[in-house]
Every structure is written in C-alpha cells, then in structure tokens.
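Here the protein sequences come in this chain order: A and B. Residue numbering for the first sequence follows my numbering, starting at 146 and increasing by one per position. Residue numbering for the second sequence follows my numbering, starting at 4 and increasing by one per position.
Keep in mind that the hints were calculated from the coordinates and are not lab data. Be careful, since some hints might not be right.
To be verified - No more than 25 Å apart at the CA atoms, straight line, and that leaves these computed lysine to aspartate or glutamate pairs for DMTMM-like: (1) 142(B) <-> 157(B); (2) 58(B) <-> 77(B); (3) 251(B) <-> 236(A); (4) 211(A) <-> 172(B); (5) 211(A) <-> 149(B); (6) 211(A) <-> 70(B); (7) 251(B) <-> 219(B); (8) 251(B) <-> 226(B); (9) 142(B) <-> 107(B); (10) 316(A) <-> 273(B); (11) 142(B) <-> 77(B); (12) 211(A) <-> 165(A).
Unchecked claim - Simulated coverage check for chain A against chain B, where a stretch passes if three residues somewhere in it have a Cβ under 8 Å from a Cβ of chain B: (13) 187-194; (14) 205-219; (15) 261-268; (16) 294-308.
Even glycine gets a Cβ: it sits at the ideal position worked out from N, Cα and C.
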Amino acid sequence: MRRTVPMVLTFCAGFIMVLDGFFNISFINGFANRYLMRSVTLSVAWAAGIGALNIVRLHVRNITTKRTNYQYSYILLGFFFFMLISGVVLERHTTNPFYQFVYSSFQAQLSAAVFSLSSFYLASSSYRAFRARSLEATLLLVAAVFVISGSVPMGAAIWSGFPTVSQWLMKYINDSTMRAFTIGSTMGTLSQCVRNLVGIERGHLRGSEGG
Amino acid sequence: MDTTALSDALRPFLSSWLRSDSNRLSFTAFIFFAFFITMVIYYWRMSLGEKPMPKLRRIPGLDALDESIGRATEMGRPIVFVPGMSGFSAPTYAALTIMGYVADQVARYDTRMIVCYRYPEVLAVGSSIVQTSYLEQGKRDAFRADDHRFLSSDQFGYASGVCGILQRERAASQHIFGSMAAEAIILAEVGNVVGAIQIAGQTGSLQQPYLFAACDYTLMVEELYVASAYLSQDRLRIGMLAAQDISKSVLIILIVIGAFLMTFGSNFIDRILTLY
Chain A
146 MRRTVPMVLT
156 FCAGFIMVLD
166 GFFNISFING
176 FANRYLMRSV
186 TLSVAWAAGI
196 GALNIVRLHV
206 RNITTKRTNY
216 QYSYILLGFF
226 FFMLISGVVL
236 ERHTTNPFYQ
246 FVYSSFQAQL
256 SAAVFSLSSF
266 YLASSSYRAF
276 RARSLEATLL
286 LVAAVFVISG
296 SVPMGAAIWS
306 GFPTVSQWLM
316 KYINDSTMRA
326 FTIGSTMGTL
336 SQCVRNLVGI
346 ERGHLRGSEG
356 G
Chain B
4 MDTTALSDAL
14 RPFLSSWLRS
24 DSNRLSFTAF
34 IFFAFFITMV
44 IYYWRMSLGE
54 KPMPKLRRIP
64 GLDALDESIG
74 RATEMGRPIV
84 FVPGMSGFSA
94 PTYAALTIMG
104 YVADQVARYD
114 TRMIVCYRYP
124 EVLAVGSSIV
134 QTSYLEQGKR
144 DAFRADDHRF
154 LSSDQFGYAS
164 GVCGILQRER
174 AASQHIFGSM
184 AAEAIILAEV
194 GNVVGAIQIA
204 GQTGSLQQPY
214 LFAACDYTLM
224 VEELYVASAY
234 LSQDRLRIGM
244 LAAQDISKSV
254 LIILIVIGAF
264 LMTFGSNFID
274 RILTLY
C-alpha cells in the first residue's frame, strides 16, 4: 500500500503532464498549470524545512559530542541563524540592503572563489589525461595540441594552420560527438521517465517499504 | 514532393487537438513518442514470454561498483556518494537506483557511506532508501542518519562541502551520479587528490570530458539510465532498453538519410520533420 499509492499518484500526475505536453485539452492544460505545477513548488518549499532541520541537527550534534573540527559548526550555525532571522525580521526581508550586503560580500564571493578553482583542476586533470599511454590517449594528446595551439595567439604565430585545424576539430569532430551524447541522453531520459511513469522503475520507492 | 501543401492541409486538422511549437516539431515529436511507446509495449509483452531478451554488453563502470565498495571495506574508510546536482529529474532517479544497489552492499559489509545532497527533497527519499537497505539486512541500528547530509542548494557551496568531506573523511571511493555541471571537475579532482577510486556517470555532454579525464571509471551519458537493468538483469527493464535502442536507431537512420540528401541539395527530411 505504501508503495502502491505513490506509484498510482506518479502515473496519474505523469499521464496528465504528457497529455498537457501534446494535446490542446483546456481542462487538462488548466489542471496541469493550476494544480500540478503549483504542487511541485509547494513540495519543494516544504522540503526546504527538512534541509534546514538536517543541517541544524548534524551541527548541534557535532558541537554536543565535540566531534573533530566541531568549532566550525559554531560558525556555520551562527551564519545560518543570522541569515534566517535577518531575512525574516528585517524590513523588505531578503531584498533589504543589509541582507543583500552580507549575501554578496560572503556567499557570492566564496562561491566565486570555489568556481575559480575549477581552472586549476582542469589543468591538473588535463595533465594526467594527455599522457600518451595508449593509442586513444595519444590521439587525445595530438588533438589537444592542435586545439590548444589554435586557441592561443602564439599557436598561430608558430604555424598559421593551427587555428584552421583547431576549428575543424571543434566544429566537426567535437560537435558531432556532443550531439551523439545529447541524442543518447535524451533517449535515456525519455526511457527513464516512461519507466517511472508506468512503475517499472521503483528504486526511488524503496524507502516506502521500510518501517 | 510539395511539403508546404501537405503542411497547409494538415494544419487545420492538427491545430484542433495538437499543441503547436515554434520549431514546428510538435507532430514529429508526437509520432516519435507514439512509436517509442509502441516499442515499449512490444518489448513489455516479449519480456512476459519465454523468448530470449537482448543481451546487455559489459559496462566497466557499473562492474567497478563492487570493486570500489570492496576497497572501502578493506581500507575501513567511507564511500562518498553524490546523487547529482538537480532535484527530482530523470538523472536523479537513475542515481537513486544506483544508490540503492550500493546501499545494499554497504549494509551487508558494514561499510560507511556518506551521501551529500544538494536538494532537501532528494535527502528525504535518499536517506529512506539507505535505511531500507539496513532494515533488510537486519541492521536497523547500523544506519547513521548523520551520514545523509544536506550541504547547500548553492552550486559551489555544495561543491566545497563535498570536497571538505572527501578530505576530512579520507574517502576510499567516490560515486558521482546524476546531473552535474561545472562542479564535476572540482569533485573529481579532489577525489583524485585523496586517492579515492572514482566512478562517475552523468547526462550532460559538456561535463563528460572532465569526468573522463579525472575519474577511474566513467559511464557514457545514457549508460547512467542502463544501471537498473544492468544491475538487476530484469527482463522487463532490459526490454525497455531494447525499445530505447530501436527508437534511437530510427533517429540515427533519419540523420544519415538527411545528411546524405542534404549533401545533394535536398532538405526533404528537414521539411517532413517540421510539418507542424
């Protein structure tokens, strides 16, 4: 029963969305937009509370049991409640200039700092990938030499053909491979959705069996 | 053949019941969807009979799941599982299916698995799946709720949280499945720094090269969706994959014919596909 009800709900909601996607049926189109889409928003909003509880519970337990590096949990909880309370209490809530200042000075900057690390990680992973250990790796290395050389001014200064070869590799070899990935991914997504819809795929419902 | 006349003739009939689309692909999408569903029904019926089902080829990335769990068990270090960067979407469902398989194994061998979530709704479902695995093994008390962590909905806040866990816990294995974006390379490289065996599978084409470069095993895009059939060897699920492959073959044939005709100056396939 605990598994059947979610499966029936999934089928009904999914079937209505499929009908809404393809057909002009005013009742179905209205129901999908007015109720189903809103119910997704409501569910996600409700789940935010679960996330907040999970964070607070984990870090309070870190502090009370004095786990390794528990001091950082004070900082996390401090900022968590500071942002939560100021977002609720301050006038204009999350659009308040003070709230915006704290958000853009801490969160946005730290986020940008982490993102900037990806360029270094790209270099280190490329270094490992471009070692000619096999025929495939050698082909990758040769292609990479042409693409990298064609993308920087120094490459064109060494040989004027580098940019042309680079563009050819990107336009024909790279693009067609990426499109093959996209077609495969889209077909896989369609298949996964149909499996979920008709209840063949039930991996996500395993939790419904437990006590 | 004059496809404009055909399009004009079909338009009044189709517009009464079929939604229109600015790319004029509605009718094609509907026909293709109907074809796919027909294939699904055909293979569904076939899976109920005795006829042999198509064989699945070996997928090293999925075979390596047991190896990575065994390694973590032997080293006494945890597995870090990343179920993707999106909420409930097709890649997340596929990731949760794989997580269920890994959870069965970690519950059996008493290996620790830390799951890092970006969305709380996935946390609620994911932790229930793992808890069920422990219950099925009769190890209710061994389930650690603290190992299911909602880190942040912010993309790079989440990435830095996973990196911190990888380094502090000295993870033996990292499993990255689901939908990934720019943080994929960060997670994979940090996993590499801590010496974790890494298996990744995601659906976006852009992140695929990074994972190939940084991980030990990488599933090729749609192989992520094959996991449930591959791990269970269930006839019905294998049948669904066959339906998917037949439909994809039709697309490939259309692309080849379209490219061939286009080379000789005819855009017939293009015009047929964009009737309405």
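Cross-check of the supplied hints:
Under the criterion of a C-alpha separation no larger than 25 Å, the hint pairing residue 142(B) with residue 157(B) is inconsistent with the structure, at around 34 Å. Under the criterion of a C-alpha separation no larger than 25 Å, the hint pairing residue 58(B) with residue 77(B) is inconsistent with the structure, at around 33 Å. Restraint check for residue 251(B) and residue 236(A): not satisfied, since their Cα atoms lie roughly 55 Å apart, outside the 25 Å limit. Taking the CA atoms of residue 211(A) and residue 172(B), the gap is near 16 Å; set against the 25 Å cutoff, the hint holds.
A hinted pair counts as satisfied when its Cα atoms are at most 25 Å apart, and residue 211(A) with residue 149(B) qualifies at roughly 14 Å. This hinted pair does not check out: residue 211(A) and residue 70(B) have alpha carbons roughly 34 Å apart, beyond 25 Å. The hinted pair formed by residue 251(B) and residue 219(B) fails the criterion: a straight-line CA distance of about 28 Å is larger than 25 Å. Proposed proximity of residue 251(B) and residue 226(B) is supported: the alpha carbons are some 14 Å apart, at most 25 Å.
Only pairs whose Cα atoms come within 25 Å are accepted, and residue 142(B) paired with residue 107(B) is accepted, the gap being roughly 11 Å. With a C-alpha separation of about 21 Å, the suggested pair residue 316(A) and residue 273(B) falls inside the 25 Å cut-off, and the hint holds. A C-alpha spacing of about 20 Å is found between residue 142(B) and residue 77(B), which places the hinted pair at or below 25 Å, so the restraint holds. Straight-line distance between C-alpha atoms of residue 211(A) and residue 165(A) comes to about 53 Å, which puts the hinted pair past the 25 Å bound.
Residues of the stretch 187-194 of chain A with a Cβ under 8 Å from some Cβ of chain B number 5, which satisfies the need for three, so the listed coverage holds. Coverage of a stretch by a chain is defined here by at least three residues with a beta carbon nearer than 8 Å to that chain's beta carbons; for the stretch 205-219 of chain A and chain B the count is 3, and the condition holds. Requiring three or more residues with a Cβ within less than 8 Å of a Cβ of chain B, the coverage given for the stretch 261-268 of chain A holds, as 4 such residues are present. Coverage of the stretch 294-308 of chain A by chain B is violated in this model, with 0 residues showing a Cβ closer than 8 Å to a Cβ of that chain against a need of three.
The earlier numbered hints that this structure contradicts are 1, 2, 3, 6, 7, 12, 16.
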